Each structure stands twice: as C-alpha cells, then as structure tokens.
Amino acid sequence: MNAPGQPAPDLRRRFRVMAMVTCAAFAVLVVRLWKLQIGDGAAHLRRAHANLVTDVAIAAVRGRISDARGRIVADNRPTYDVYVTPRFFKESMVARLAKIAGLDHARADAIRGRLRDVSDVARYRPMRLLHDIDRDQLARLETARLELPGVRVEWSPQRVYPMKTVGAHLLGYLNEIGPDELRTRGDEGYQAGDLIGRAGVERLFEASLRGREGRERVLTDARGVRRSKDEVAAFRLGHLLQDAGVEARAGHNIVLTVDFDLQRAAERAVGRYRTGAAIAIEVETGRVLAMASRPNFDPNLFSGRMTAGDQQGLEGDPRRPLIDRTVRENYFPGSIFKVLPALAALRDGLVAPDEKFECKGRHELGQRTFRCTHAHGKVNLEQALVRSCNVYFYKLAERVGMDRLADISWDFGLGSPTGLGLNSEVGGFVPTKEWYHRHWKEGFRLGFTLNAALGQGNTKLTVLQAALLYATLANGGRVFVPQVVRRVEAADGRVLQEFPPELRRTVKIPPEMLRWTVRALTGVLHDPHGTAYDVKVSRDLTVSGKTGTAEIGPQRRGAEEGSHAWFAAVAPAFAPKVAVAVLIEHGGQGSKVAAPAAVEILHAYFRSPDVKMATTSDGAP
Amino acid sequence: MIRAHRFDWTLAVAVVAISVVGMLNLYSATWTSRPQLYSQQFSWMGIGLVGFAAAAALDYRHLARLAYPLYVVGVASLAVVLVVGKTINGARRWIEIAGISVQPSEFMKLMLILVLARFLNDWPVAEGRSLRHLAVPAALVALPVALVLRQPDLGTSLILVLIFATIVLLIRLRRGALLTLTIVGALAAPLTWSHLLKDYQRQRILTFLDPGRDPAGTGWHARQALTAVGAGKIEGRGFLHGTQTQMHFLPERWTDFPFAVWAEEWGFLGSAALLGLYLFLILWALRLAAEARERFGAILCTGVAGLLFWHVFINVGMVAGVLPVVGVTLPLFSYGGSSVLTVLVGVGLLMSVSLRR
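Residue numbers (our numbering), protein chains in the order written: chain A, -9 to 611; chain B, 14 to 370.
The hints are simulated quantities; they were obtained by calculation from the structure and are not laboratory data.
Be aware that one or more of the hints could be misleading.
[To be verified] Below are the EDC-like pairs computed for lysine to aspartate or glutamate, each with C-alpha atoms no more than 20 Å apart in a straight line:
| # | chain 1 | residue 1 | chain 2 | residue 2 |
| --- | --- | --- | --- | --- |
| 1 | A | Lys154 | A | Glu274 |
| 2 | A | Lys80 | B | Glu248 |
| 3 | A | Lys567 | A | Glu274 |
| 4 | A | Lys25 | B | Glu248 |
| 5 | A | Lys368 | A | Asp124 |
| 6 | A | Lys89 | A | Asp124 |
[To be verified] Taking CB as the label site, the calculated pair distances span:
| # | chain 1 | residue 1 | chain 2 | residue 2 | range |
| --- | --- | --- | --- | --- | --- |
| 7 | B | Ile247 | A | Gly228 | 20 to 26 Å |
| 8 | B | Glu265 | A | Val143 | 26 to 32 Å |
| 9 | A | Gly228 | B | Ala89 | 58 to 64 Å |
| 10 | B | Val97 | A | Gly228 | 50 to 56 Å |
| 11 | B | Thr100 | A | Lys89 | 52 to 58 Å |
| 12 | B | Gln49 | A | Ile62 | 53 to 59 Å |
Owing to the predicted nature of the structure, the values given are computational and were not obtained by experimental measurement.
Glycine included, C-beta positions come from ideal geometry on N, C-alpha and C.
Using the sequences and the hints given, assemble the complete structure.
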C-alpha cells in the first residue's frame, strides 16, 4: 500500500468538531449523574434502603378455649412451612430440596411445575412450597440451611380441636377471611390470609380470641435472606431497624360453661339416630351444660388443608352436618308444649285441677274431627299431662283461646331468640288470631287454637327454647339468657370478664303453679300410666318430663317417621338442677326415642363427680 | 521509514488506569455471587496486555495488507457462530474452543475499522463523495451487521453501525448525498422497529419511554440501576459497601450495569473521575487521528475512538436512564474476555499510530 499523503486540513477541522461533540455528550452524562447522585441522591438512597426492609408479621397466638372443667377444647399448634422466592430459586435446586426434605418424585415434579407456572410479577414474591412439615424434615432443613439459599422456613400457629368432633357446632371453626370482608372490616387490622372465626364460639368471641399481630422489621437481600447483625453494622444500616418492632399480643382465653364429658354423652345419645339435637341447661343460672347437634363434623378439617372432596362431603351431605340444630332450626314442639295451655288455664282460673273431661279418642269441631292417641276416658289436668291426652287439651284450648296462649308463650320468652347469640339462632314462632287473619284466606278458625295447644299448627320453637322453657318451669319462673361462656381470661390468667347469670324476665305465674306442674310431670316417667313409663330411670333419681311427637306430615293414624320425637325434662324433680331437651328428627314417638336419650343424658349428668344425686328425702311428697 | 517516537506514556497510563479500576469494580460486583469471573477476567487482561504490546510493536501500516483477509475471516467466524455457536439466554454469540468462549462479534469491530480504513484510504475523491461511492462501505458494514442481528445481538449491531457512521463523518459528502442519507436514516428507524427488532427489544425501548409500564420486568432492572447510581450520592457508599450491589438488588452487575456498581460505591466523585478517564482516552485517540501521517492511520484512530465513545456513551447513558436498555458493554469494566482483548488491541493500535506519528 502506498500512503497518498497526509490527511487534508479540513479533516483536522472535523476532528475538532468530533472532539467538541464528544465533550458535549459526556457533559450530558455528567449533568445527568449530578441530578441523580447529588440532586436526588438522598431519595435514591432511601429507596435503596427501602429495598432492604421487610416487615414480617408475627402471628398472634389465638386464645384457647377450655370447658367448664378446664380441659382444653380449642388450642394452637405450631406448624412450619417452607417458602422460596421463585426468582432466586432455580429449578435445579428442587432436586436438592427434595432430597433433604425427603420428598418423593411426584412431590418434586409438582413443585417444579408450580415454579414454572409462576407469573413474572409473582417471581419476586415468596411462595409456599411445603405446608406443615414434620419435626424430622424441620431438623434436616435447618441443618442444611446453607445448601439451600433462598429457602425459608416460617412458623405459623394452626388451630387444633383436641376433642375432634365433640362440640363442633358449639366451638365452630376458622377459615380464611374473604376479600369482601377485608374491605368492610379493614380497620380492624385483618390482612389477606388471616383466619377468622366462622361459627360457634370462635365467631362469637372472635375479637377476644384473636389477639393482635406483632411486627418485626428485618433487613433482607433481594433473595429474601436475612442479614446478620454484623452486616447491618458494617453497612451502617442500624437506623433502619429502630423503633420498628411491635410485639404480638396473645388472644384471650375463653372458659365455657359446657362440660365436655356431658357434651360427649349428649352427642352419643343423640348420635344413635340419623339427625337430632339435645341441650342441657343449668336450671338456676341458664348456663348451657351441653349442646349437641348431630350429625356433626370435625372442625380440624377446616384448619388444615381441606380437600375438595371433604368440602363437597360436608356441603353436599343431605343430612346437613354444618347446621346447628339446637338453635338454627324451628320445630313444631308437639305435646311438650301442653304445659303452656295448662298453666294459662290454671293461672286464669279457667279450669280446676280436679275437673275432668271425657276423652273418647276423638273431638268434633264443626266439620273436622281431631284425634287422640287413645280413648283415655275421664281425665283431669294432671292425668291429661301424664297420659298426654289430646282431647282434654282440645277442650282446654277452647277455653284458653289463641291469644291467651300467645300471651303465655311470650311470657316464657318464646317467639323470639333467647339471646344466646350463637350460630345465628332463630326464635321460633308464636301465632296469634291477628296473624291468622293476615295470612289465611279464610282468616282465623278455632281449629287453629286446638292445634296450637298441642304444639302443632304454626307454633314453632328451637331445641334451646324447649330446654329453657322447662328450666323456667323448674326455677320458679325465671327466664334466663342462656350462656355458653363462663369467663374471659387474659393469656397470663387474669380474669378479664365474668358472666353472671342474666335474667331476661320473670313469668307472671305464681311459683306454686309452676311447682305443681313439675310435680305433675313426674308421672310421665314414674306413673304406670305415663307415656314414658317404659323408660328405665336410675333408682335414686326422680325425673319430671314430657314426651312430644310432633307431626310434620299429614296426620295419619299411627304415623311414625312423619314425626319428630321430643322429650323435655328437669331433674331431680323436687330440687331441679338441670333441664334437658332432646329432639330426634323423624324419630317417631317421643316416648320411644327421645325419652331414653334424655334420661341417658341425665344419668351422665348425675354420674359426674361434682354433682350430687337428689335423694328421695329432698322434699318429695 | 519509520520514525520512532517517544513511548506514549499518557496513553499507556490512561488505559492501565481504566483497566485497574475496572478489575477493582469487577471484584466488588462478583465476589458475592460469581468470584470465578474475576480470575477469568484477570487472565483475559493478561492476554489483552500481550495483544496490546503486539499491536503497539507492529507497524500498523502492515495491517493494511491484511485488512481484507481479516475482514473475510471475521465474517466467516460470524457465520460459524450462527451454526455451531454456544447459546446463552436465547442468544447464540459465542464459539467455545478448548473450554474458552470467544465472541467473534467483538473482534469484528476492529476488523470493520481496518477494512473501512483500507477502503477509504485507497479511494480518495477530491470533490466529495456521492451516495454511489458509499455503496461498498455500506455493504462492508451491512454484511456483518446482518449476521450479528441474527444471533441476536442488538447492541453489537448498533455499535457496528455507529462505528461506520463515525468513520463516514470523516468523509466529505456532497450536499445531496448528505440530504439523502438523513432521509434514509429517518426512515430506517420505523422500519428497523417493525422488521428488525425482536419483541423483547421493542419491550425494552417502550419500557424506557414509559417506565411505569413494566415495574417487575425490564423496567425493574433499569430502576434498580438508577437507584444504585443515585444512592452513591457524592462520596459513594464505599468499596464493597453498596447495598444495591452487595445485596443483589442490582442485576447484571458484571455485564450491563458495572457502572452502576461503580457509581454506587464511589459516588459522583468516582463516576465523574471515571468518565473523565474515558473522555481523555477518546480525545487522545482523536488527537492521534489528527496527527496521523496518512489517511489510513487517521481512520484507524477515529474508528477506535468511535468504538470507545459509543460503548461508553450508550452504556453509561443506559445506566443513568438517558437511553433505553441495550446490551452494550462498558470497555474494560464489563466481564468479557473478547471485549477486553478487542479494546486492548484497539488501544495497542492507537499506540502503534502514536509511536509513528
């Protein structure tokens, strides 16, 4: 090659221009750096520090629930979950994790699949890979921590119900708070993923049980690995951690009025049948000693990972195990209701205790014939109650009248919820003449009163109301507000709130009449003519009770499954301590099905060590 | 006859300074994640030093003879890459020889400079060139650019085009040609957008124009780099003490964003100083171009100056948020053996020109 000569002079000018453009370009860069580092430097440094800060929620331990004897029926168990941040957890590490945690091929593949499907935005958020690992896996993961960067083990408390299915409806269960609830209850401090009480006491006392979450501020790198104290000092980041922690406050503990031994007995007694309910109430206070609803479920299912199969099983079961039949269903009371027309007549002098009516097995009213179970012959009030004669009460109903019946029903607190507040209780129904005028084409007919006196027609009440009714008979006329919680205690044992018995009203009936009724009803079980005489009662126990067979289908003679079976009782008859109401859906006759169950529950109550049996010397006539 | 000049200490010190600082920075960027990259770069620096010495000792005018053959070798190696090259992250840019990866597109930059210098030197046109005269140079750059785009490697293609444009600036063009070129350039942008750019490359530019678009994707990278740079403030967070760097919030710390590492740890003072070093080197190269004894040498120096300028300007601009994220490395700072070798040989050529001014 030959060099044709020096570059032309104009080239030199170009070089000068190029040099100036270069300087200008670099000046632009420097100006930009000035703005970034000097102008906005403080803001960028803050943002860099903000990258490091993570506030970790410290789970609050939920309050425990214990029964009346101090046994723990709802508790918390620590569970350990394994989290990774997908962005920093390579698929190749899955094999290592699987080996350390002892996962099989299927689990490892499932994890790989989940990691692959993660969206771009979610790649930087922690993802839970394993839930509730056992102690062995935990130990191995802890030891191999350095081999698994980006893998974190987090602790969270899980609700556990040691008694399993016992008391399921009473206790309730927890599940995750929904997005709508988060919006409406946002200011209560709930966060996505929090568990909230859905039913039973868990729901009723959610605010007390919940406690308050704490917060711990930690500094982590981009992979979520927590930085040590030395590093925090070396990078001069200590100021980021000042005043940032909040301690968690444990939830309050709840002590129930319910005795789980009695609860178990009640559930067993009722559980022999397809569906049913039973309640035991302390007569002098209104405290609930047992409330059983069958079928029930295991609330532990809701705490763990509930499979779609489990959920469908519960929701699709035609027996509806999730329904609390003690408070959530209104039933025709049937003959257990007869005490009310009886008392109404006594109170207003409409009948004398020794006045007899004749029962020929049927009662004519206009075109209609009202039937009785037997032809009882001439009976007085006490005999009519003990033998459950319908005809007597048809005649009595004509004297008492619908509205007086409604009046005494309200007096005893029927027709509106008892005030327990549990599981959205319903309040039954008490019809009046005016109601019939409004809701029936032909208006009110006397026949309705006849049915009402027998606890049929449109009169309805809940199992709880039935028990409460008989408790009121037994305690001299005091209608209490039923309670399931005895007291609320702080985590350290301090009593925060006690629940003394709450009186709702006192019935306007002279106590002697109530006592007379209770005494009369001892014949149901102990008099050879009594409808439940066949039921074996423990020799040293006197029980006062009433059978009921509530027809729910068209009235057919000798109908069995078309009726609900009832038995309501108090014991010991002459100084009553406990009132029990049992309902067996489609159970047929109260005497055959419900009475034995109620007596079984009473036996269980009196067998318990701190209940003294009533002896016959306790004022029996 | 060759007139030996004094050894150009200024040039040597400048490039050694940048190399040393680059190694320091690479250490900070890699020691928590990939410490082996540091030792590999060290080896490449050694090889580069040998290359620098060889290029400086050689009379650059001898290279004029080799320009076309070298160009052909370069293009051939680009073709080979497309066929048997190693793929990383969806891009096929490297050839692996005996466990060492080389990136032919890097060397192509020097070969392009050489071939353009040779061609334009042989064919001086007194009254200014028309477009017709640019046909061959355009073809000379189009061929490697097309091959590089196929890898795909938008950044290197861009550098090749920009080197070409820089050299073209030296040529006297007739006014009509200049006008046409401008119009073509204006049209090239939308055409490139729709036909030449891949989707992820389009995404990057869109995210640059509107950072709110994609906070967890590419935009996130750029934002973390900005935060790192800004967090340096005046004096920097200190060597090995930048949280964005050491806590891994800054991605691509040794490829696209080593300047962010530097800026975070050495602050504005360090950043301005480094930019000053690069500026000095580029201006020195331009000065050598002006003082070269013939056109070939001038174009050679201009080409090397252009290579350095565009790399630094685009990379730092990208880190500082002035330009969209394009994969353009920072000379002697970014990890990459082929790049280090290319830059050091290029500076060696500058030294060769300087010695024979």
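Verification of the supplied hints:
1. For the given pair, A:Lys154 sits about 30 Å from A:Glu274 by alpha-carbon distance, which is inconsistent with the 20 Å threshold.
2. With a C-alpha separation of about 37 Å, the suggested pairing of A:Lys80 with B:Glu248 is violated against the 20 Å cut-off.
3. Restraint check for A:Lys567 and A:Glu274: the C-alpha separation of about 7 Å stays at or below 20 Å, so the hint holds.
4. Between the alpha carbons of A:Lys25 and B:Glu248 the distance comes to roughly 14 Å, so the proposed pair stays at or under 20 Å and holds.
5. With a C-alpha separation of about 73 Å, the suggested pairing of A:Lys368 with A:Asp124 is violated against the 20 Å cut-off.
6. Between A:Lys89 and A:Asp124, the direct Cα distance comes to roughly 15 Å. Compliance with the 20 Å bound is thereby established for this hinted pair.
7. About 22 Å separates the C-beta atoms of B:Ile247 and A:Gly228, a value consistent with the hinted range of 20 to 26 Å.
8. Between B:Glu265 and A:Val143 the C-beta distance comes to about 30 Å, which sits within the given range of 26 to 32 Å.
9. Judged by the Cβ atoms, the range 58 to 64 Å given for A:Gly228 and B:Ala89 holds: they are separated by roughly 59 Å.
10. Our hint of 50 to 56 Å for B:Val97 and A:Gly228 holds, since their Cβ atoms are close to 54 Å apart.
11. At roughly 30 Å, the beta-carbon separation of B:Thr100 and A:Lys89 lies outside the given 52 to 58 Å, and the hint is violated.
12. Range check, B:Gln49 to A:Ile62: Cβ separation about 57 Å, and the 53 to 59 Å hint holds.
In this structure, the earlier hints numbered 1, 2, 5, 11 are contradicted, and the remaining ones agree with it.
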